[in-house]
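Student: Going line by line, the protein sequences match chains S, F, W, B, G and V. Under the numbering used here, the first residue of the first sequence is numbered 1, with each subsequent residue one higher. Under the numbering used here, the first residue of the second sequence is numbered 1, with each subsequent residue one higher. Under the numbering used here, the first residue of the third sequence is numbered 1, with each subsequent residue one higher. Under the numbering used here, the first residue of the fourth sequence is numbered 1, with each subsequent residue one higher. Under the numbering used here, the first residue of the fifth sequence is numbered 1, with each subsequent residue one higher. Under the numbering used here, the first residue of the sixth sequence is numbered 1, with each subsequent residue one higher.
To be clear, the hints were calculated from the coordinates, so they are not data collected in a lab. Think of the CB as a built atom: it goes at the ideal place given N, C-alpha and C, for glycine as much as any other residue. Each hint should be verified, as a subset may be incorrect.
[To be verified] Derived coverage of chain V by chain F (criterion: at least 3 residues anywhere in the stretch with Cβ under 8 Å from a Cβ of chain F; other residues may be distant): (1) 158-169; (2) 184-196; (3) 204-214.
There are 6 protein chains.
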Amino acid sequence: MSLDPPITAVREVVARAIAEDLEPDGDLTSSLLPADSTATARFVSRSDGVIAGGLCVNETLFQVDDALEVEWVLYDGDRVTPGSVIAEVTGSLASILTAERTALNFLCHLSGVATLTSRYVAAAAGGAQIWDTRKTTPGLRSLEKAAVRAGGGRNHRGNLSEWILLKDNHLAGLGITDAIARARDQWPARTVECEADTIEQFEEAMAAGADLILLDNMSVEQVVMCVEKRGDARRPLLEVSGGVNLDTVAAYARTGVDLIAIGALTHSAPVLDIGLDI
Amino acid sequence: MSLDPPITAVREVVARAIAEDLEPDGDLTSSLLPADSTATARFVSRSDGVIAGGLCVNETLFQVDDALEVEWVLYDGDRVTPGSVIAEVTGSLASILTAERTALNFLCHLSGVATLTSRYVAAAAGGAQIWDTRKTTPGLRSLEKAAVRAGGGRNHRGNLSEWILLKDNHLAGLGITDAIARARDQWPARTVECEADTIEQFEEAMAAGADLILLDNMSVEQVVMCVEKRGDARRPLLEVSGGVNLDTVAAYARTGVDLIAIGALTHSAPVLDIGLDI
Amino acid sequence: MSLDPPITAVREVVARAIAEDLEPDGDLTSSLLPADSTATARFVSRSDGVIAGGLCVNETLFQVDDALEVEWVLYDGDRVTPGSVIAEVTGSLASILTAERTALNFLCHLSGVATLTSRYVAAAAGGAQIWDTRKTTPGLRSLEKAAVRAGGGRNHRGNLSEWILLKDNHLAGLGITDAIARARDQWPARTVECEADTIEQFEEAMAAGADLILLDNMSVEQVVMCVEKRGDARRPLLEVSGGVNLDTVAAYARTGVDLIAIGALTHSAPVLDIGLDI
Amino acid sequence: MSLDPPITAVREVVARAIAEDLEPDGDLTSSLLPADSTATARFVSRSDGVIAGGLCVNETLFQVDDALEVEWVLYDGDRVTPGSVIAEVTGSLASILTAERTALNFLCHLSGVATLTSRYVAAAAGGAQIWDTRKTTPGLRSLEKAAVRAGGGRNHRGNLSEWILLKDNHLAGLGITDAIARARDQWPARTVECEADTIEQFEEAMAAGADLILLDNMSVEQVVMCVEKRGDARRPLLEVSGGVNLDTVAAYARTGVDLIAIGALTHSAPVLDIGLDI
Amino acid sequence: MSLDPPITAVREVVARAIAEDLEPDGDLTSSLLPADSTATARFVSRSDGVIAGGLCVNETLFQVDDALEVEWVLYDGDRVTPGSVIAEVTGSLASILTAERTALNFLCHLSGVATLTSRYVAAAAGGAQIWDTRKTTPGLRSLEKAAVRAGGGRNHRGNLSEWILLKDNHLAGLGITDAIARARDQWPARTVECEADTIEQFEEAMAAGADLILLDNMSVEQVVMCVEKRGDARRPLLEVSGGVNLDTVAAYARTGVDLIAIGALTHSAPVLDIGLDI
Amino acid sequence: MSLDPPITAVREVVARAIAEDLEPDGDLTSSLLPADSTATARFVSRSDGVIAGGLCVNETLFQVDDALEVEWVLYDGDRVTPGSVIAEVTGSLASILTAERTALNFLCHLSGVATLTSRYVAAAAGGAQIWDTRKTTPGLRSLEKAAVRAGGGRNHRGNLSEWILLKDNHLAGLGITDAIARARDQWPARTVECEADTIEQFEEAMAAGADLILLDNMSVEQVVMCVEKRGDARRPLLEVSGGVNLDTVAAYARTGVDLIAIGALTHSAPVLDIGLDI
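So that you can see chain S by itself, here it is in the shape it has in the complex (with noise of 0.2 Å):
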């Protein structure tokens, strides 16, 4: 499994950031240093975590000075605790200090969704898997999606494209059943997903062959209801989804379910805090 986003994504990203830092006149500052100063900087986090964004550090040194020379130490997906090293990059001291504040704002905040992906990993213990949503940064999903890999999460479909999930208000007019069949019929061989609020929804759906269900603001004891009824054939999942958190997410680990989603992983992630040492 790669830990990497697409290249075309990053490069088309990072050029749009760094053009937001820069233009009009460039960096101001850096301009009033000697052309000819070089450094060695690093990248050294200043907590513990997990790393997410090494192919856009990369991508932005490139783009603002392609003789900047980068050697890694650790890459995504390693933990670091304070004082890790995770690269040296070598060149003009003020292409380094032009292209610090965006490699870091790549760097800090794909961490941060590894790192709070890995947190909640760790808490489920094994007991389910950790799953992104759709709730990503607009623009970034792409980026958000490799990070929770590199945290060890999975990731939930990418987009509206991808696979059928029926919520509630797509259901209202449908009816389970219907949906399913419907869904089957004209985007075959896609993942089926539907929603269930209560067991009867669920039993509903399990009879109508969802590949995947998703349990939505279910109760533990209604989960392990689910769990049972759905015997041990490995199909349909099971989704937990809807207000769980750090402190809940071992509990519903423990339920048998499949994965649990987290919208939190890219919604509302802190940075982990990586700094530039010169």
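Mind docking chains F, W, B, G and V on chain S? Use the hints.
Tutor: Same frame as chain S, but now just chains F, W, B, G and V:
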């Protein structure tokens, strides 16, 4: 003061976000609905906070289906409590469901930034302004800076091209007095800001005529000392930066410093929980 | 099921196509016409087929001149015969002539895809679904996949990111059983498809729990054997791929296989002959 | 005459095509492979034809992984037979498999255009040149026009901005003589082409000094008459257009007409079957 | 002949220009104004000239605030004197002030091009046409070429792809006769132009059948000689290029040459002074 | 102070400029040359001036053909006289001729800006700095501002987002004192500039604490009066703007004003005549 980001940035970011969620095959699930289903949906807050991102929601709905009609009840900068209706959208049910997540991703993230900002502003109790930093999400800088304004904060420099900020790494080879003189000569009328890690550096920067002095990682006592040394004049403005959080911001605000820069406003704000009720 | 491609893709592709035909000096020939000439023109089919691409025509006319008025008589997915009027556009003659070729390039190509699809669908006579492949024209994937739907076909995976398809080159180093297990572990709930070149591989893939098995270049007899071995259960879905054409598709469809993937739908469909009569 | 399209167009189209196939999560299947697997793969023709699109293949491989090494055996414009090795690529197996389909989509489509062109050129047997039209695939015009050159054809006007082509709908309000005079006055030195549906129109267009006369849907006999009326001078050039196919092209070519425009070259060319053998 | 540039180019260039002037924080100064202030403003000429760029002004106002209403009094190609009212815009004062400079940058620059063109046209007094060159401002070619038309000039080839122009550096290795034959063969029906530095080269180019001969840096006497040698036929067209200015253009125009190409029209035109009066 | 524009802007603008000159069919004329012709060419000045735009030339050559080798003799900001060799490029003759015009369009225009700037700087004789304005060519702002620096000038605010400039139309409804207070409150630490048309307005703006006062269309005598009223302190900076030309700039510079803003630097600079000798 406009609480809106530039419309050019909104158009571009929204177009990318919708494409990211829809391509290549569109919203499979909504495509199962009867084509003529219509609905009215309300953006409703589930918690306390300040909203931001209204322009992005508008643009998202418009780009997905320009026949959707939106009525706004509350505006960027308004406070919400659980149950507050923010806006109401009427039109095709399929279009509303297709736009829902993208619209909410903007609204929840930017309102999260506004809300966290408002907490810092409240904690500072008027003793000092709360400013953002360049620690923004790549690609969203102008949107996040508008959200900071919606939350009652103020904007630091927009990017590296806007004003001079001499940090320790710039000063190493130049010295404060020389660096400020050089900045004044080469970039006249630009704001010249200088970092000071010690009282001595502060005094040198003040003597050299900095417009703004960043008191980096100083204790409350050190900050008080700097404020006293500045005396009654308005200039230089004094900025506290580094390690200030919601617990410590009040103490710093009471020192008489002009502003406190908080990276967390944009890099670590959790979303404001807002839902779409249909 | 929506027969439209995502509007975001349509807007971008149309803008590029118009620019490609107009820059730098615009339509020289139309510029010779009197500025106030108006006309009504009809998109009329010159042959039998199924139309697709209506949204692209709309967007082309709108981007060239938003005062043009279009009335649609037939819609994507409708059948046409020689002489069928598809739509009527009224407004500036110069604008209509400027937009004509770009609009027709979309309409004829996408209707060509829909028409060829409908021929395969008719030949399969309901015995199996007809699917597209990733053998699409660069830059037009989402448009062509919508055209396949308009022709009565179904869409295979949208791209490499949507589901797993283990082909011989992937399997060489991994083995079918291990590869499927690895896919399930790393990309849970994604459709996992596996290529089988022999009956033995088919059996291994079925035992390993593939959702979909691609029967690659198998004879009708081999396919019959696979269908029998699968038995009555719905899963795994069986896909026939490789070398099927309009002459042989019926025989494969009668085997009881679920779907037949036809690269030619998108890579070799001749245009449907449609003209603009003024 | 360069057989390559402009590098700017290639870079843009390839970047879009790769993104279209990879985002948001990258190539899931290749991500299951061991990271250090390498391979050598050959682009091999499975049928007879002429190749085009080499620059697109190069750019695709480079953008996916700039460490891939490609060695070309045959070049755009070269003929292939089943088994001909076109190029060999060496490097990461995962990268090769990720790039495979996008590279082949370019190579097979553009070689299909070159091959169909070469068939028309052969059928015309030097009696007339074979030209393309503006009936190209949206977004790919410059690539397809280069492929026509690779197949031995020649390029008609690039777009509406390049030269004047007065068709019946333009002429309705203006008259041939006036229209040509107007074109000469307003767009001097541009090629002025005029459609003629009858011998009378042909004579009027010739008298008015058209550079090029499009003989629209004329019979072979009518074309012969026009050729004779033109006499020995080189100008105006005579173009046959409309309804010419591989069966009828030779007869038209023998008339002494200068060129025959074939829309099918770019709008209906089936792919050339080329595979990647690993 | 349309005096407008292609709308696709206008939309793109205007979007970039507005973003360039507004991001990241929007128009700080206008944001200080009361939100409900409205105004009527007039674009008024401060000097004599010819206007161009109306479409760009419209698009700028529309993209900044689609509620602004514009009424045009004068159009591209119209003459103005100091005090001439060109257009009137009504709506939000803040929006008008935000759009002002970008709209004026287009209008003043393009009207400057049109005005300088009209001076050359007047000086040539109908003796020869005035043409532009490829010496345009990067990114603005189609806009500047439209402005040349507004000023009464004509457009040379749009770019390197439109027609053949054999200059001394091309001819060094080929020879005029061979080069023209090669051009005719490979790019039939394209305009073939050839540079001539001497009377001998002129004669060779004429004999070889060039459509257009560029008389490079010739004296008025040499030009007269070429015109005489051409005789009464219309072809080849004769172009004077190199070092012609407003003082010398009349003498060249009187030679009977067809056209005079003036790089200064687009590379050195001072703006036309136009203001916005509120 | 860096004389280069941001590399992100250069890459984008150059890519557009090359595409504009090459699409759809590439450089027809160069395509006639033998593929293996190589050459060495020199960028040579034909007049006196200051060069700028070296980075754009580099990027143009690189994007057209990355095998071209360039050696720079002179750099942005250096003075040239007729015959000065600026740079030498070696490689494919066809590539050099294809890139020639685009490279020269950048170099001549930007050197024109630098040269005109240097004339104003010389005329001001150190008595005041010469600044640019926002009257730049749409899409080229960052390039032109770098060229102003190369000519010895200084940059005014980059755009509307950078600092506050209160002009008469803003002040009409607000009053100077209130407007400045409002600006200080809402956009602290930003430069606040205020226009003054009269001595009274100047005094009010100074009293209100403006950082910079724009003395709009004042006579030399009025400016002298303002300089005297300001006294010895450095702040506020005084800017002369409006109607200053090369004849009058010296008189204004001698007044003791800090800076003179000249729109003509970017909106009306004629090109510097530079050629490419092969």
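Student: With a C-beta cutoff of 8 Å, work out whether three or more residues of the stretch 204-214 of chain V approach chain F closely enough for the coverage to hold.
Tutor: holds (count 3)
Student: Mind checking, does the stretch 158-169 of chain V have 3 or more residues with a CB under 8 Å from chain F?
Tutor: holds (count 4)
Student: Check, residue by residue, whether the stretch 184-196 of chain V contains three or more positions whose beta-carbon lies closer than 8 Å to a beta-carbon of chain F, and give the verdict.
Tutor: That given contact holds, which follows from 7 residues of the stretch 184-196 of chain V lying within Cβ reach (below 8 Å) of chain F.
In this structure, every one of the numbered hints holds.
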